[in-house]
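Participant: Residues per chain are reported as follows:
Protein chains: 2
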Amino acid sequence: MVLRLDYRQADFESRFAAFLTTKREVSVDVEADVRAIIAEIRARGDEALHDYSQRFDRIDTRTLGLAVSAKEIEAAFEAADPEIIAALEFAHDRIFSHHSRQMPKDDHYVDALGVELGSRWTAIEAVGLYVPGGTASYPSSVLMNAVPAKVAGVERIVMVVPARNGVLNPVVLAAARIAGVSEIYRIGGAQAIAALAYGTETIRPVAKIMGPGNAWVAAAKRQVFGTVGIDMIAGPSEVLVMADPDNNPDWIAADLLAQAEHDVGAQSILITRDEAFGAAVIDAVERQMATLGRGDTARKSWADYGAVIVVPDWEAALPLADRIAAEHLEIATDDAEALAARVRNAGAIFIGRHTPEVIGDYVGGSNHVLPTARSARFSSGLSVLDYVKRTSILRLGSEQLQSLGPAAITLAQAEGLDAHARSVSIRMNQRGEGPDGGR
Amino acid sequence: MVLRLDYRQADFESRFAAFLTTKREVSVDVEADVRAIIAEIRARGDEALHDYSQRFDRIDTRTLGLAVSAKEIEAAFEAADPEIIAALEFAHDRIFSHHSRQMPKDDHYVDALGVELGSRWTAIEAVGLYVPGGTASYPSSVLMNAVPAKVAGVERIVMVVPARNGVLNPVVLAAARIAGVSEIYRIGGAQAIAALAYGTETIRPVAKIMGPGNAWVAAAKRQVFGTVGIDMIAGPSEVLVMADPDNNPDWIAADLLAQAEHDVGAQSILITRDEAFGAAVIDAVERQMATLGRGDTARKSWADYGAVIVVPDWEAALPLADRIAAEHLEIATDDAEALAARVRNAGAIFIGRHTPEVIGDYVGGSNHVLPTARSARFSSGLSVLDYVKRTSILRLGSEQLQSLGPAAITLAQAEGLDAHARSVSIRMNQRGEGPDGGR
Numbered sequence: 003m004v005l006r007l008d009y010r011q012a013d014f015e016s017r018f019a020a021f022l023t024t025k026r027e028v029s030v031d032v033e034a035d036v037r038a039i040i041a042e043i044r045a046r047g048d049e050a051l052h053d054y055s056q057r058f059d060r061i062d063t064r065t066l067g068l069a070v071s072a073k074e075i076e077a078a079f080e081a082a083d084p085e086i087i088a089a090l091e092f093a094h095d096r097i098f099s100h101h102s103r104q105m106p107k108d109d110h111y112v113d114a115l116g117v118e119l120g121s122r123w124t125a126i127e128a129v130g131l132y133v134p135g136g137t138a139s140y141p142s143s144v145l146m147n148a149v150p151a152k153v154a155g156v157e158r159i160v161m162v163v164p165a166r167n168g169v170l171n172p173v174v175l176a177a178a179r180i181a182g183v184s185e186i187y188r189i190g191g192a193q194a195i196a197a198l199a200y201g202t203e204t205i206r207p208v209a210k211i212m213g214p215g216n217a218w219v220a221a222a223k224r225q226v227f228g229t230v231g232i233d234m235i236a237g238p239s240e241v242l243v244m245a246d247p248d249n250n251p252d253w254i255a256a257d258l259l260a261q262a263e264h265d266v267g268a269q270s271i272l273i274t275r276d277e278a279f280g281a282a283v284i285d286a287v288e289r290q291m292a293t294l295g296r297g298d299t300a301r302k303s304w305a306d307y308g309a310v311i312v313v314p315d316w317e318a319a320l321p322l323a324d325r326i327a328a329e330h331l332e333i334a335t336d337d338a339e340a341l342a343a344r345v346r347n348a349g350a351i352f353i354g355r356h357t358p359e360v361i362g363d364y365v366g367g368s369n370h371v372l373p374t375a376r377s378a379r380f381s382s383g384l385s386v387l388d389y390v391k392r393t394s395i396l397r398l399g400s401e402q403l404q405s406l407g408p409a410a411i412t413l414a415q416a417e418g419l420d421a422h423a424r425s426v427s428i429r430m431n432q433r434g435e436g437p438d439g440g441r
Numbered sequence: 003m004v005l006r007l008d009y010r011q012a013d014f015e016s017r018f019a020a021f022l023t024t025k026r027e028v029s030v031d032v033e034a035d036v037r038a039i040i041a042e043i044r045a046r047g048d049e050a051l052h053d054y055s056q057r058f059d060r061i062d063t064r065t066l067g068l069a070v071s072a073k074e075i076e077a078a079f080e081a082a083d084p085e086i087i088a089a090l091e092f093a094h095d096r097i098f099s100h101h102s103r104q105m106p107k108d109d110h111y112v113d114a115l116g117v118e119l120g121s122r123w124t125a126i127e128a129v130g131l132y133v134p135g136g137t138a139s140y141p142s143s144v145l146m147n148a149v150p151a152k153v154a155g156v157e158r159i160v161m162v163v164p165a166r167n168g169v170l171n172p173v174v175l176a177a178a179r180i181a182g183v184s185e186i187y188r189i190g191g192a193q194a195i196a197a198l199a200y201g202t203e204t205i206r207p208v209a210k211i212m213g214p215g216n217a218w219v220a221a222a223k224r225q226v227f228g229t230v231g232i233d234m235i236a237g238p239s240e241v242l243v244m245a246d247p248d249n250n251p252d253w254i255a256a257d258l259l260a261q262a263e264h265d266v267g268a269q270s271i272l273i274t275r276d277e278a279f280g281a282a283v284i285d286a287v288e289r290q291m292a293t294l295g296r297g298d299t300a301r302k303s304w305a306d307y308g309a310v311i312v313v314p315d316w317e318a319a320l321p322l323a324d325r326i327a328a329e330h331l332e333i334a335t336d337d338a339e340a341l342a343a344r345v346r347n348a349g350a351i352f353i354g355r356h357t358p359e360v361i362g363d364y365v366g367g368s369n370h371v372l373p374t375a376r377s378a379r380f381s382s383g384l385s386v387l388d389y390v391k392r393t394s395i396l397r398l399g400s401e402q403l404q405s406l407g408p409a410a411i412t413l414a415q416a417e418g419l420d421a422h423a424r425s426v427s428i429r430m431n432q433r434g435e436g437p438d439g440g441r
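Protein chains in written order, with the working numbering: chain A, 3 to 441; chain B, 3 to 441.
Take these hints with a grain of salt, some might be off.
Computed footprint of chain A on chain B, listed as stretches where at least three residues anywhere in the stretch have a Cβ under 8 Å from a Cβ of chain A [claimed, not checked]:
id : region
1  : 240-253
2  : 366-376
Residues from chain A that keep clear of chain B, each with C-beta distances beyond 10 Å, as calculated [unchecked claim]:
id : residue
3  : Y9
4  : F21
5  : R26
6  : R37
7  : G47
8  : T65
9  : A89
10 : A93
11 : G228
12 : L341
13 : V345
14 : E417
Just some of the chain B residues that point at chain A, by a computed CB distance under 7 Å [what the hints assert, rightly or not]:
id : residue
15 : A138
16 : Y140
17 : A209
18 : Q225
19 : A256
20 : E263
21 : R346
22 : H356
23 : I361
24 : G362
25 : S382
26 : R392
27 : D420
28 : R429
The hints are simulated quantities; they were obtained by calculation from the structure and are not laboratory data.
No residue lacks a Cβ here, since even glycine has one placed at the ideal position from N, Cα and C.
Using the sequences and the accompanying hints, generate a full structural model.
Facilitator: The following block contains the structure:
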């Protein structure tokens, strides 16, 4: 049974607070296993990759090769349904165009004292992109992870994807071609993450690893963090829908189920001002669930983590929405734009009755990799910023050193750092002694 | 003895590669201890904080109170050396002014199909700032962590600082006052991190925790990550100086020692085109070391991790600099500006003979919290971006849904997600049925 909460009930706050802390992820302790796999890859490189692929994916990469060849990629692209290719290209162009607006600008200026300051953005040289196998192998995620890298100017985009029994999803390969992925290897699991972080004979290492994966992949990303950068560790997906009773309950039910069908840990929440509307949506969910290919997953997610919250007015709902800090927030009300402007914590907001969250999953143009599990309180969705880094630049001449030096010396001395103080004072006391006189 | 490498030697590449992977941090396994401390704070709140403070810091917070009072802060400010206060205020104003340029701008536009897209930046509501006790208790770090939060518009900036034997550094309190820190608690260690993440009776939880700390603090930050955001886990500091023989060896030696005196794990590297100049700098380092208050620390750091690398020309040095990816890079050469433009991986670059890195530690205006241990390959120094988060916004009317819907349905079906497809198709097939007709 889906959870029902009513704001006007005396115990609402305690029930809502408990609901917020519900853990939706099963923790699997694979730390030690993963540590051993990483050590093997570091010690034996390609040979270890071959052995793990044989064992876990039942595929002979010694014969097939670790790299997916250009010919294989071409063949997958040619064999794919032209309608799917067209949809991927449509999505690609919209994602590329939107992300092009995100490229941060360099800044360089001279302040009133003549000090030159700058911020310079450069692309990360090489990134790895993990693509899961099986049912979670989404071509749309290939676009969402690779396109911002391309926009940022990353030179090497290295994709890894497990080929269970030798099989690769041709649509995933087609998406990689469309997105401009540079290299693809048919490997997965913790061993693929280790290969990306440390390199092997065949695979040159990358500087940052992106993309979702199972518990082994997540643990491996955590363990190699520091040697390489990683993106967020994504949790199960969630949607919060704020809908008034004027909506068609079937539309809203479809949106809730679109989250629920992802994963048994996914979460779908409806906030409404009308109890009867809430009941109608619950009925529609039950009805629609029966017809879904992944109905069992959706049913479990909805029963375990779904919720319908009735509020007296939207004023009461806003603080709840900020506390939920949903990955996806749909606002299907008359004054949706005004309400959206007042929400502080959400990964993405979908405004109005004709903006189902699913549009954002594929073709809206914005990124579908968004902060899950309340992390929208402190983090953002994937963007070009995740593929660049900033170098700050400072330049003083001897005049500027005379202006700034005394305060630096005072603070260095206050912190007990003699060499810090000397590094400034030695230059101030030998003013103009440098070979270039001033600057 | 400091390591000397010569680019022209046959074994240079293997020796340089080995040098790059030198681990400079002592790993202390405190995971289990920290897990127990966090559990205690979650279970017993303030009472557990009082107990730990008594035990680890020998201070009776039951009597003194966890919070540092406004009166105490005022008293520290009044008692501090006016020259230090003036230097802190000078530094504050320069940091504030520089960081004000970093505030990202919202973006909102309507594309050719009539789809509205937006990116909206909002401040994180509350951040915690860890300030270490003892010799690593730096007032300058309080400014560097708190000022960008203030610029971003963070409402609550909550500082924690251990008061060993009841003693707090008055200059740290003064810096907090100048930076506009909202609350200060006299607690430290893993227990302080747990209190910030989960809250206690006295301390309301924050959404993100920043600031350096010892092994316990670092482990606690890793363990609470997810519940709250964290900044990078800072490693020991490093500087790379590229200097030609026209420099005064004493100036360069002072800069190398300014890193080395921080920590026995700090690293100071000189790249020069002239072996004799390298030898002169090494002599100057030895001479200056004897006169430093923290000479023992500097001596150990220099002997264990210092290096002088001789290259035939700057062309050869650039790829080495990118592989080192130094936290701080000083370029003291004739063509410093041109060389700097060609460096890709560095946290901050200090250009010319009159820009010692120490200026950036205190009064340059840029942030001194920078990526360590080669992580400048994939990450950036602290900035206003670390205190804000982005919400993406999407709005379609029924016309736009007709344009984008078919591709979304095609991709949803290709991914086997029925409810995704239905969430779009149900709206397309009932065009205009929503109560607002179009949008």
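Participant: Report holds if the minimum CB distance from A:G228 to chain B is greater than 10 Å, and violated otherwise.
Facilitator: 7 Å, violated
Participant: Decide, holds or violated, for the assertion that all CB atoms of chain B are farther than 10 Å from the CB of A:T65.
Facilitator: Answer for A:T65: holds, closest chain B Cβ roughly 30 Å.
Participant: Please confirm whether A:R37 is truly not at the interface, meaning its C-beta sits more than 10 Å away from all C-beta atoms of chain B.
Facilitator: Non-interface label stands for A:R37: nearest chain B Cβ at 13 Å, farther than 10 Å.
Participant: Would A:Y9 pass as off the interface with chain B, using Cβ distances and a cut of 10 Å?
Facilitator: 22 Å, holds
Participant: Would the stated hint for B:R346 survive a check requiring a Cβ distance to chain A of less than 7 Å?
Facilitator: Holds: closest Cβ of chain A sits about 5 Å from B:R346, inside 7 Å.
Participant: Test the statement that A:A93 is away from the interface with chain B: the closest C-beta pair must be farther apart than 10 Å.
Facilitator: 6 Å, violated
Participant: With 7 Å as the cut and Cβ atoms as the points, is B:S382 at the interface with chain A?
Facilitator: Given a least distance of 4 Å, the restraint on B:S382 holds.
Participant: So is A:A89 really clear of chain B, every C-beta pair being over 10 Å apart?
Facilitator: Label violated. Min Cβ-Cβ 4 Å, cutoff 10 Å.
Participant: Can you verify the interface hint for B:A256: is its Cβ closer than 7 Å to any Cβ in chain A?
Facilitator: Cβ of B:A256 sits 4 Å from chain A, so the hint holds.
Participant: Please settle this one: A:G47 was flagged as non-interface, so is its CB more than 10 Å from every CB on chain B?
Facilitator: 15 Å, holds
Participant: Close enough to count: is the Cβ of B:H356 nearer than 7 Å to one in chain A?
Facilitator: 5 Å, holds
Participant: Is the interface hint for B:R429 satisfied, with its Cβ closer than 7 Å to some Cβ of chain A?
Facilitator: 6 Å, holds
In this structure, the hints that do not hold are numbers 9, 10, 11, 13, 14, 15 and 18, in rising order.
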